[in-house]
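Listed below, chain by chain, are the residues.
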Amino acid sequence: MENNIVEDVQNARDEKEYSAGSAKGEDKDKEPRIIAFVCNWCTYNGADLAGTSRMKYAENVRVIKLPCTGRIDPLFVVEAFKKGAKGVLVSGCHPGDCHYTSGNYHSRRKYTAFRDLLSYLGVDINRVEFSWISASEGNKWVSVINEFTNKIKLLPDNSDIFSKK
Amino acid sequence: MEEKYYEISSDNIEKFVNNLIAQDDEVIAPKDKDGDTFYDKITDFKDADLNILLPKLSFKEYLLPKTETLFEYSISGSNINILDPIENIGADGGSVNSGKKTGKRIIFGSRPCDAGAGPIMEKVFNWDYKDEFFNEKFKNLYIISIACVQPDNYCFCTEAQLSPESSYGSDILLKKGGSGYFAKVITEKGLELINSSSENAGLFKEISKDAFPADKDWKAAFDIKKTQGFLDKNFTSSYFQEKFLSCIGCGICTYTCPTCHCFDIQDEGTNEKGKRIRNWDSCQFGIFTLHTSGHNPRVTQGDRYRQRLMHKFKIYNEKFNKYLCVGCGRCSRNCPEDIDLREITSELSLMESSAGD
Amino acid sequence: MEKMNDKLQKTAKELLENKEVNLIIGFTKGSNPLRMRSVFITDPDDVSKLSFNAHCVQDLAVFLKKPEVKKFGKVGLIVKGCDEKAVNTLIQEYQLSRDNIKIIGVECRGVVKQNLADKGEDSVKQSTVYDKCLVCEVHTPLLYDYLVESDEPAFEINGDIKPYAKIEELDAMSVEDRNMFWQKEFEKCIKCYACRQACPLCYCTRCIVEKNTPQWIETNIEETGNAQWNMIRAYHLSGRCIGCGECERACPVNIPLMLVNEKMARDVFEKFGYKSGVDINAKPVFGTFDANDFNEFIK
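Order-wise, the sequence lines are chains A, B and C. Numbering of the first sequence is given in our numbering, commencing with residue 1 and proceeding in unit increments. Numbering of the second sequence is given in our numbering, commencing with residue 1001 and proceeding in unit increments. Numbering of the third sequence is given in our numbering, commencing with residue 2001 and proceeding in unit increments.
Any given hint could turn out to be false.
[Said to hold, decoys possible] To give an idea of the interface, some chain A residues facing chain C are shown, with a C-beta separation under 10 angstroms as derived from the structure: (1) E7; (2) S143; (3) K153; (4) S159.
[Said to hold, decoys possible] Chain C stretches covered by chain B per the calculated footprint, using a threshold of three residues with CB under 8 angstroms from any CB of chain B: (5) 2135 to 2146; (6) 2164 to 2172; (7) 2183 to 2194; (8) 2217 to 2224; (9) 2244 to 2252.
[Said to hold, decoys possible] Just the calculated beta-carbon pair ranges, DEER-fashion: (10) E147(A) to Y1129(B): 56 to 62 angstroms; (11) A2165(C) to W1218(B): 43 to 49 angstroms; (12) K151(A) to N1153(B): 27 to 33 angstroms; (13) D1264(B) to K30(A): 36 to 42 angstroms; (14) W1218(B) to E2093(C): 50 to 56 angstroms; (15) K2184(C) to K151(A): 25 to 31 angstroms; (16) K1322(B) to E2093(C): 45 to 51 angstroms; (17) M2173(C) to D1264(B): 49 to 55 angstroms; (18) E2156(C) to K1273(B): 33 to 39 angstroms.
Just so you know, the hints here were simulated from the structure itself, not pulled from any lab data. Virtual Cβ for every residue (Gly too), placed ideally from N, Cα, C.
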């Protein structure tokens, strides 16, 4: 399971045909990558709905599906940053809607602390986004992704601990 | 080489060091950092803190870096490129330290114990496989040490077959006295530093061997051979298990030790590029000897500290006829649980003596 | 101090003689007059080795995680107030059974910084004790089976020294400056993992850095690997760290780890009203939740 996460992050990064219309890998370094860790039950279906409804949104995002936001260990975020992602989105069911009753509540606590820690250690907190998106909120998915992408594009090329290589 | 003796005034030693810095040589010296002293690069003689006994860490990292790149790879399409740092050694005499070339490096103001660690480590890195990474760095490392006047309660260099005034491993040994220092030049490398410019050579006044102050009569408080004798016979002694209940296995003793040299080889990178590196490692970690099967031959901290003692005072000696310890006492000073190696070695020595009677 | 030591020794002797415990972990004289070290006593006749003073810096609760110590079964542990909170947390996290430990609490008036003691400092005052002692709320341990009162007066705090002052300073900095500060600190790290080993709450038999399928934390002892390690160590201790400061004391390269730990403790208290190690019956802060938790950062 954990190996798969690392591979998924890797694959999301390595994808050759990155943006339609541009030559293979041409803009690869310019366009910021965003990794979205989403839960299986709400946000993934929300994103799916956006797709089947033919809604358009920023192509910078790569989606990695997990059972529940409770399963999205902050280590995954670190892993994504390590592999070169500029922004990471964590998204799951609204409070009260968790398929496993309370996974999202636990996740909320963890990320409250983790974001504080990141910021304190000098990582721009705008690089980590958290959202609640239900299966019916295709348009919310679109707006969250678009807003997040725009925000990430405006971020300076700072040299925080994850930008070093 | 025949040893040469010089006298040099305090003002001139300052000029000498500043000249070395001006010659673009990397000069490392004990330097104050947030209230503690560490070996670090200096840009002026005044940066050096020569009043303390010993820096908190040894200068081991200039011989065996904390992380050292063994090779790098990059893959694009069907092209696989291997960058072998060893191939890049040579042209300018530099070696590779995580991709950065290093030229001549001068340690100024080390102590005889730290200086003694160099040749002790060299034996390990050359007895079978010749470790080019180590050898390049060792070749380029010039050591100017200053003899100690007053060792502290944790020091036991005399017992460890060196002494506060030992020149073993140094290229130049300085002793306080006269108008500043007396200098004993032991190696060609030391002579090379002095003759690196006519100005430098002019700073040193050659004297006769007799004019060089004789070593004090340092007495060993216990016999380290007895310590080895105890270790030879008492592998299963309950002493180790009881004594090291208080060891938390933090590994500070090995990381701050000038002679501990274990490393761990790891691969790091992505599908596109990466590197093989070696990192410092420690026999005090439970995982150090953990087998894939789950079996661990050194299961308790007592076993692990015993291993450290065995390696330092028995195994290494059997192979190289020297102890893998210079008696600097860093492991004792830095131990958060106050485990004192001098106390342990002397206890073992006494136990062996009384057993022999 | 004599009265304290007498009572300590008497308590320990009784516990051992009555077979209530098989092992007493306490403090004894160390390698120099201003250093103390741990001692493990199984024989009631050895209790005279026990003593306590302002140089008892170690958190003895760290030994409770050692398999060699667990083998003894019932253990009597001599603890200061701050260290005792580690025992509470271990009980909260089901690492220790309350029945298996007899807590011999000592009233502590502050301990002298070890680096100062090594230079000869022997007096307990606000400029010589650890920051944790300046903000200490547990001079008397919160939970104990036996209490040994101190016969020393409390030291005076007049506000001249602000404990953990750097935290506010860092909070006021820009994120880039904070990044610069921490990169400079983490650069020093030699990855000896002494911070982990000295921590009474880092009890995992296999630490996250030792897992290599996948390799979560880069093993290199350079900028990237060091930063990842220090970040994850701090994260795994947020909401758990009881502030004994052993990680920082053990660190051979003086990384101010308590600035991270204390900051996270403050954040957790601010957001969730939780203080670690206070109540053995409380749920660990990340083992529970509240429907009305802090939600402001979520879209």
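Inset, instruction - Starting from the range 43 to 49 angstroms, see whether the pair A2165(C) and W1218(B) falls in it by beta-carbon distance. - result: For W1218(B) against A2165(C), whose Cβ atoms are near 46 angstroms apart, the range 43 to 49 angstroms holds.
Legend entry - Status of the K153(A) interface restraint (C-beta, 10 angstroms, chain C): Hint on K153(A): violated, closest Cβ of chain C at ~17 angstroms, above 10 angstroms.
Inset, instruction - Let me know if the C-beta of E7(A) comes in closer than 10 angstroms to any C-beta of chain C, holds or violated. - result: It holds, given that the least Cβ distance between E7(A) and chain C is near 8 angstroms, below 10 angstroms.
Legend entry - Outcome, coverage hint (the region 2244 to 2252 of chain C, chain B; C-beta under 8 angstroms; three residues): Per the Cβ count (4), the hint holds.
Legend entry - Stated coverage of the region 2135 to 2146 of chain C by chain B [criterion: 3+ residues, CB within 8 angstroms]: violated (count 0)
Legend entry - Pairwise beta carbon distance, K151(A) to N1153(B), judged against the given window 27 to 33 angstroms: Given about 59 angstroms between the Cβ atoms, the range is violated.
Legend entry - Given hint S143(A) near chain C, where the shortest CB pair must fall under 10 angstroms: holds (9 angstroms)
Legend entry - Range agreement (Cβ of E2093(C) with Cβ of K1322(B), hint 45 to 51 angstroms): Distance hint for K1322(B), E2093(C) holds at roughly 48 angstroms.
Inset, instruction - Confirm or reject the claim that W1218(B) and E2093(C) have a C-beta distance inside 50 to 56 angstroms. - result: holds (53 angstroms)
Legend entry - 8 angstroms C-beta criterion, at least three residues: is the region 2183 to 2194 of chain C covered by chain B: holds (count 5)
Inset, instruction - Can you take a look at whether the region 2164 to 2172 of chain C is actually covered by chain B? Rule is 3+ residues, C-beta closer than 8 angstroms. - result: Answer violated; 0 residues pass the 8 angstroms Cβ test.
Legend entry - M2173(C) paired with D1264(B), Cβ distance criterion 49 to 55 angstroms: violated (36 angstroms)
Taken one by one, the earlier hints fail for this structure at numbers 3, 5, 6, 12, 17 and 18, listed in ascending order.
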